[in-house]
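Student: Construct all of the structure, not just a fragment, from the sequences and the given hints.
Chains as they are written, first to last, in our numbering: chain U, 19 to 487; chain E, 11 to 291.
Hints in this document: simulated from the structure, not taken from any laboratory.
Treat the numbers as computed from the prediction; the structure is a model and nothing was measured.
A hint or two may mislead.
To be verified - Covered stretches of chain E (in silico footprint by chain U; criterion: 3 or more residues with CB under 8 Å from a CB of chain U, positions within the stretch not fixed):
| no. | segment |
| --- | --- |
| 1 | 110-124 |
| 2 | 202-214 |
| 3 | 221-235 |
| 4 | 244-253 |
Claimed, not checked - Pairs of lysine-lysine, DSS-like flavour, derived with a Cα cap of 27 Å:
| no. | chain 1 | residue 1 | chain 2 | residue 2 |
| --- | --- | --- | --- | --- |
| 5 | E | K232 | U | K226 |
| 6 | U | K461 | E | K232 |
| 7 | E | K199 | U | K461 |
| 8 | U | K271 | E | K179 |
| 9 | U | K271 | E | K232 |
| 10 | U | K239 | U | K411 |
| 11 | U | K313 | U | K400 |
| 12 | E | K232 | U | K195 |
| 13 | U | K256 | U | K284 |
| 14 | U | K195 | U | K289 |
| 15 | U | K463 | U | K34 |
| 16 | U | K472 | E | K102 |
| 17 | E | K102 | U | K463 |
| 18 | E | K104 | U | K461 |
| 19 | E | K179 | E | K38 |
Virtual Cβ for every residue (Gly too), placed ideally from N, Cα, C.
The primary structure of each chain is shown beneath.
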Amino acid sequence: MKKKKNSIWMFFASVKLALFVLFILAAASIIGTIVPQIGTFVPQDSILEHYKQFYGAILNGLGLHSAQATTVITKISDLLSFDDMYSSWWFNGLLGLLSINLIVCSIERLPDVWRLVVMDNHQTKISRLQSMRNTLELTSSDPAPQTTAALQQRLAAIGWPASQSSRDDGHLLFSQKTPWSRLGVYVVHLSILVIFAGAAVGFFYGQKGGINLPETLSSDKVYQYGSGDEIDLGFTIKCNWFTMTRYPNGAPKEYQSELVIIDNDKEVLTKVIEVNHPLSYKGWTFYQSSYESHKKYIISVANQTTDVQELFLAPIREPVRWQDEKLLFAITDLIPTTTPMIYQYKLMVADGKGGQQLLILDDNKQGTLIRPDGNAYDFQVKEFFSTGLQVAKDPGVWIVYIGCGLMLAGLGVAFFMSHRRLWLFISEKEGKTTILIAGTANKNKPGFEQEFAKINEALTQAQSIEVQK
Amino acid sequence: MNSATLLTYSTFGYLFASFIYVAAFLFKSNKAGLGGTFFTALTFIGQTVALGLRWQESYQLGIGHAPLTNMYESLVFFSWCIAGFYLFLEYKVKNRTIGAFALPFAFGAMVFAESGWLKISQEIPVLIPALQSNWLIAHVMTCFVGYAAFAVACGIGVMYLIKDFSRQKDKGLMGTLPPLRTLDDINHKTMIFGFLWLTAGIITGAIWANSAWGTYWSWDPKETWSLITWFFYAAILHARFTRGWQGAVVAWLAIGGFLCVVFTYYGVNFLLSGLHSYGSV
Ligand code: HEM
Numbered sequence: 019m020k021k022k023k024n025s026i027w028m029f030f031a032s033v034k035l036a037l038f039v040l041f042i043l044a045a046a047s048i049i050g051t052i053v054p055q056i057g058t059f060v061p062q063d064s065i066l067e068h069y070k071q072f073y074g075a076i077l078n079g080l081g082l083h084s085a086q087a088t089t090v091i092t093k094i095s096d097l098l099s100f101d102d103m104y105s106s107w108w109f110n111g112l113l114g115l116l117s118i119n120l121i122v123c124s125i126e127r128l129p130d131v132w133r134l135v136v137m138d139n140h141q142t143k144i145s146r147l148q149s150m151r152n153t154l155e156l157t158s159s160d161p162a163p164q165t166t167a168a169l170q171q172r173l174a175a176i177g178w179p180a181s182q183s184s185r186d187d188g189h190l191l192f193s194q195k196t197p198w199s200r201l202g203v204y205v206v207h208l209s210i211l212v213i214f215a216g217a218a219v220g221f222f223y224g225q226k227g228g229i230n231l232p233e234t235l236s237s238d239k240v241y242q243y244g245s246g247d248e249i250d251l252g253f254t255i256k257c258n259w260f261t262m263t264r265y266p267n268g269a270p271k272e273y274q275s276e277l278v279i280i281d282n283d284k285e286v287l288t289k290v291i292e293v294n295h296p297l298s299y300k301g302w303t304f305y306q307s308s309y310e311s312h313k314k315y316i317i318s319v320a321n322q323t324t325d326v327q328e329l330f331l332a333p334i335r336e337p338v339r340w341q342d343e344k345l346l347f348a349i350t351d352l353i354p355t356t357t358p359m360i361y362q363y364k365l366m367v368a369d370g371k372g373g374q375q376l377l378i379l380d381d382n383k384q385g386t387l388i389r390p391d392g393n394a395y396d397f398q399v400k401e402f403f404s405t406g407l408q409v410a411k412d413p414g415v416w417i418v419y420i421g422c423g424l425m426l427a428g429l430g431v432a433f434f435m436s437h438r439r440l441w442l443f444i445s446e447k448e449g450k451t452t453i454l455i456a457g458t459a460n461k462n463k464p465g466f467e468q469e470f471a472k473i474n475e476a477l478t479q480a481q482s483i484e485v486q487k
Numbered sequence: 011m012n013s014a015t016l017l018t019y020s021t022f023g024y025l026f027a028s029f030i031y032v033a034a035f036l037f038k039s040n041k042a043g044l045g046g047t048f049f050t051a052l053t054f055i056g057q058t059v060a061l062g063l064r065w066q067e068s069y070q071l072g073i074g075h076a077p078l079t080n081m082y083e084s085l086v087f088f089s090w091c092i093a094g095f096y097l098f099l100e101y102k103v104k105n106r107t108i109g110a111f112a113l114p115f116a117f118g119a120m121v122f123a124e125s126g127w128l129k130i131s132q133e134i135p136v137l138i139p140a141l142q143s144n145w146l147i148a149h150v151m152t153c154f155v156g157y158a159a160f161a162v163a164c165g166i167g168v169m170y171l172i173k174d175f176s177r178q179k180d181k182g183l184m185g186t187l188p189p190l191r192t193l194d195d196i197n198h199k200t201m202i203f204g205f206l207w208l209t210a211g212i213i214t215g216a217i218w219a220n221s222a223w224g225t226y227w228s229w230d231p232k233e234t235w236s237l238i239t240w241f242f243y244a245a246i247l248h249a250r251f252t253r254g255w256q257g258a259v260v261a262w263l264a265i266g267g268f269l270c271v272v273f274t275y276y277g278v279n280f281l282l283s284g285l286h287s288y289g290s291v
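Tutor: In structure tokens:
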């Protein structure tokens, strides 16, 4: 007999509480999808306005509109932080309650379940076998020991290898499948705690920030979201270049940045990142998230014969001088192409002594110009961008992912596997051998009934065994 | 033939199949029911081909992605999943009356996709960079398999309630429906199946978000609503498994759960879009 448990303990162990918390969590979560939340998607200062309008509209709808009512409601929702609901004390309190519920419930039930998993089924009382839902009685013309051996062989042949024990009044064969599947639900429950743990690790030890890094420049800091505080990376990140490709209709197709990690003055890693393909280094991950145009152009010029190359930065129609090569040039015009937002560049080149030449360049493609003095130059023009990087460090992600894996595995086991047990009790009464077959499954009982019938069919095929009327 | 024509045919195919199933049910004709199965399977095959064609067409347009990326394509895929899941169920349960309650969902999804009521674009969309991810494909597929199961569970819930409310449960028209216990059992199994896929859908979505933005969960309305749906079904499973809720209550809950699914799927996009830029169509 179990001793009577403390009623607070039983309250936290109850499934009633679980149901209550699950329904309340579902209902409460709705609030945050209707009330605008403080966050990245809606600009901060417009929230208050939204907020007032929102409650105003609801009250109007109820025919209760007054400034006072709005104030009261706004106060309530301030208290319960409806505008930042998912980090509010009460919402996280509910999640905490769910966790406590899960832990207490598992502590309460797991020992019993574990006993069922490891229990010695050879101790089962014959009277219990007789009262099971799936039973069948057979007789055999062979003596009990031979019948037992034959049945054991046959069971093994159909995938139910059985162990044997003897009692004074007969022989017991027992076979079972996936007793451990009873633990599936507990793996699911554990996985929820693991995911929460991962989220907590991320909350306490993770950091999120961002930076707009102009092409060719580098930084050893990023800026925290919300506060804008500087975060030291402990190494340097450099953006070699950023490009954007477009679909024929002008919609962005891909953003790419070539990033270099410089640690201890050494370039340790170079990678081209794009959306969905970030770069990771020392726990930090750099995500391509946006870009910024500076309305300036990077003009790269190389002397083909000497191989000297130089980069210049200039807005449109502003002449640039390359002193060493005595070149003077400017982008004089942008020519629209068939793809919206993609231009060709009209580049005017001179050397201060007349001899103007015109070069039309495709975006980010090289073009060659032979000067009147015979020197050949390669020109290339692209727009000057900053790459917008989202930067995150979340040591909890892997814990969350492990939790997710556990959850799927646990659900698979809980839903599709069952603990099935089969007993055969063979005894001799008045010179006649009788066989009692009994089986149970902890889940999918209709399915097991069919399986039980199949097993019996296979067992009765032996000539010396017949079904008892 | 191009995918658009074939998809229009699919809409009528499911309409026709639904019609046959309903007629077979009303006239208690098992033979006619066989016709329903035949037309469902035929339409399902045609729709599969159409999805393949649309995929191919997107490559010809230089876009090149699986047809799973906007509202139109997801509705078509939803309809395909419902029909596929239903055929699987019919094979398992061997009762065609369920078709009269399940197939109309496949037809309904196609109607919303094709009719223009929702003012959605039927064109093959170009993919903005964030959507170019295999995790997104996995996410959409897993979610919609789950949603399809929930749609069928809703249909079975309706069946259960009709049978339960009618005076003569086991005679006449109602006698051709599976017994209440069987319906209850199928309903439960279908929801379990959907729950597993919805779980996988939420997880793959989180992984996708993390690979695109470095945040696996940000409580945006779409995510939150999928979680609400998940909590709801988790509660149903517990109510049934540990507190013995059964029958009519669970049938009502199956309908309620599907309403959550519908809201997650359309409601968030159409009703909450005024407040959240991210949720817009
Ligand atoms: C979101 C949270 C939860 C999820 C996803 C979840 C999932 C599951 C699943 C899938 C099952 C198996 C149901 C079946 O086989 O039909 C189950 C069973 C169960 N759950 Fe939960 N659960 C959650 C929360 C809880 C909580 C908070 C409790 C606390 C009391 C709880 C108690 C139980 C019990 C007692 C069972 C039956 C276990 C058995 O077979 O012995 N669950 N749960």
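Student: Would you mind marking each hint as holding or not holding in the structure?
Tutor: Going down the list of hints, with the structure as the test:
Coverage of the segment 110-124 of chain E by chain U is violated [criterion: at least 3 residues with CB-CB distance below 8 Å; count 0]. Counting residues of the segment 202-214 of chain E whose CB falls under 8 Å from any CB of chain U gives 7; the rule of at least 3 is met. Counting residues of the segment 221-235 of chain E whose CB falls under 8 Å from any CB of chain U gives 13; the rule of at least 3 is met. Using a Cβ-Cβ cut-off of 8 Å, 6 residues of the segment 244-253 of chain E lie near chain U, which meets the minimum of three, so the contact claim holds.
Simply put, E/K232 and U/K226 have alpha-carbon atoms about 22 Å apart, close enough for the 27 Å limit, and the pair holds. Proposed proximity of U/K461 and E/K232 is contradicted: the alpha carbons are some 34 Å apart, above 27 Å. Taken as a hint, the E/K199 and U/K461 pair is honoured in the structure, with Cα atoms around 11 Å apart against an allowance of 27 Å. Simply put, U/K271 and E/K179 have alpha-carbon atoms about 59 Å apart, too far for the 27 Å limit, and the pair is violated.
Restraint check for U/K271 and E/K232: satisfied, since their Cα atoms lie roughly 24 Å apart, inside the 27 Å limit. Of the supplied pair hints, the one linking U/K239 and U/K411 holds, its CA atoms being roughly 13 Å apart against a limit of 27 Å. Restraint check: the Cα-Cα separation between U/K313 and U/K400 comes to about 11 Å, which is no more than 27 Å; the hinted pair holds. Simply put, E/K232 and U/K195 have alpha-carbon atoms about 41 Å apart, too far for the 27 Å limit, and the pair is violated.
Pair hint U/K256 plus U/K284 holds up; C-alpha atoms about 12 Å apart against a cutoff of 27 Å. Of the pairs offered as hints, the one joining U/K195 and U/K289 is violated, with about 51 Å between alpha carbons and a cut-off of 27 Å exceeded. Taken as a hint, the U/K463 and U/K34 pair is honoured in the structure, with Cα atoms around 25 Å apart against an allowance of 27 Å. For the hint linking U/K472 to E/K102, the alpha-carbon distance of about 18 Å falls within 27 Å, and the restraint holds.
Proposed proximity of E/K102 and U/K463 is supported: the alpha carbons are some 16 Å apart, at most 27 Å. Restraint check for E/K104 and U/K461: the C-alpha separation of about 22 Å stays at or below 27 Å, so the hint holds. Between E/K179 and E/K38 the alpha-carbon distance is near 15 Å, which keeps this suggested pair within the 27 Å criterion.
Consistency with the previously given hints fails for numbers 1, 6, 8, 12, 14, ordered from lowest to highest.
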